[in-house]
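Q: Sequence lines, in order, name chains A and B.
Numbering follows numbering that gives the first Met the number 0, with no gaps: position 39 of the first sequence is 38.
Numbering follows numbering that gives the first Met the number 0, with no gaps: position 38 of the second sequence is 37.
Just so you know, these hints were derived from the structure itself, not from any lab.
Predicted model, so just to flag it, every value in this text is computed and none were measured.
Beta-carbon label-pair distances, calculated as ranges:
(1) A/P51 x B/A118: 33 to 39 Å
(2) A/A85 x B/A7: 20 to 26 Å
(3) B/L73 x A/A55: 23 to 29 Å
(4) A/G10 x B/P29: 32 to 38 Å
(5) A/C82 x B/A7: 17 to 23 Å
(6) B/Y64 x A/G10: 15 to 21 Å
(7) A/Y38 x B/G82: 19 to 25 Å
All C-beta atoms in this analysis are idealised placements derived from N, C-alpha and C, irrespective of residue type, glycine included.
Next come the chains, spelled out residue by residue.
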Amino acid sequence: MIVPLLILWLGYGEREATGTSLGAIVLIAAFGVAAHAAYGNVDFEKGLLIAPTAVAGVVAGTALQQRVSQRWVSAVFALLLVCSAAVLVF
Amino acid sequence: MDVVGLLAVAFVAGMLGGVVGVGGGVLFVPALIVFMELGQLEAEATSLVAVVAVGAVGAWRQHGYGNFRPRDALVLGLLAPVGVAIGAVAANEMPERALELLFAALSLYFAFGLARRAARGPDSPSPAQPRR
Numbered sequence: 000m001i002v003p004l005l006i007l008w009l010g011y012g013e014r015e016a017t018g019t020s021l022g023a024i025v026l027i028a029a030f031g032v033a034a035h036a037a038y039g040n041v042d043f044e045k046g047l048l049i050a051p052t053a054v055a056g057v058v059a060g061t062a063l064q065q066r067v068s069q070r071w072v073s074a075v076f077a078l079l080l081v082c083s084a085a086v087l088v089f
Numbered sequence: 000m001d002v003v004g005l006l007a008v009a010f011v012a013g014m015l016g017g018v019v020g021v022g023g024g025v026l027f028v029p030a031l032i033v034f035m036e037l038g039q040l041e042a043e044a045t046s047l048v049a050v051v052a053v054g055a056v057g058a059w060r061q062h063g064y065g066n067f068r069p070r071d072a073l074v075l076g077l078l079a080p081v082g083v084a085i086g087a088v089a090a091n092e093m094p095e096r097a098l099e100l101l102f103a104a105l106s107l108y109f110a111f112g113l114a115r116r117a118a119r120g121p122d123s124p125s126p127a128q129p130r131r
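Sequences and hints are given; from them, build the entire structure.
A: See below:
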């Protein structure tokens with residue numbers, strides 16, 4: 000919900016909204032890892048197994064994003080939100 | 000084979016994260032459940048490890064492209080867990096179905112705003128806005 004909030008309520012451009020959202024997510028997820036690790040629910044081996052490939056993906060994704068129109072980013076995000084709403088309702 | 004599937008989904012999730020600015024957990028979690036047979040809670044907890052990495056490298060790349068506001072990210076990152084805590088308390092007071100429908104409505108509201116924006120017309124190619 001961070002990206003639409005930044006774009007629609009705070010007047011960010013799409014690229015800035017997604018970049019800033021990624022930074023905020025680091026903190027949010029780090030708090031989450033710490034809390035879940037305290038209960039022994041984090042499988043660090045598997046987490047670290049997917050991390051490098053996921054990081055390669057994000058490098059490719061951010062590079063791709065610079066080459067497309069910002070409207071396209073909004074359109075993809077709108078589609079994702081519709082999908083997630085559908086999952087919630089059905 | 001399971002590892003190949005897991006890593007393929009991890010790459011796609013990272014790429015989606017880079018394009019739309021999410022952590023990728025929406026794909027990591029089902030992939031960990033399907034390919035690694037983790038339970039829901041363990042999958043969510045474990046996916047956050049990859050989300051930290053995706054967020055950090057993604058924000059660093061976007062910083063290089065001039066699309067990152069560190070101060071705003073810090074404020075959001077510190078405030079969001081407070082909001083989540085308040086939401087968790089409120090959620091316990093509500094029936095689960097009402098909560099799902101509320102979130103679906105919020106998602107559609109944002110989707111409508113973004114779609115209208117996307118349909119409005121070509122934007123300027125780069126966000127050359129002044130830094131704060």
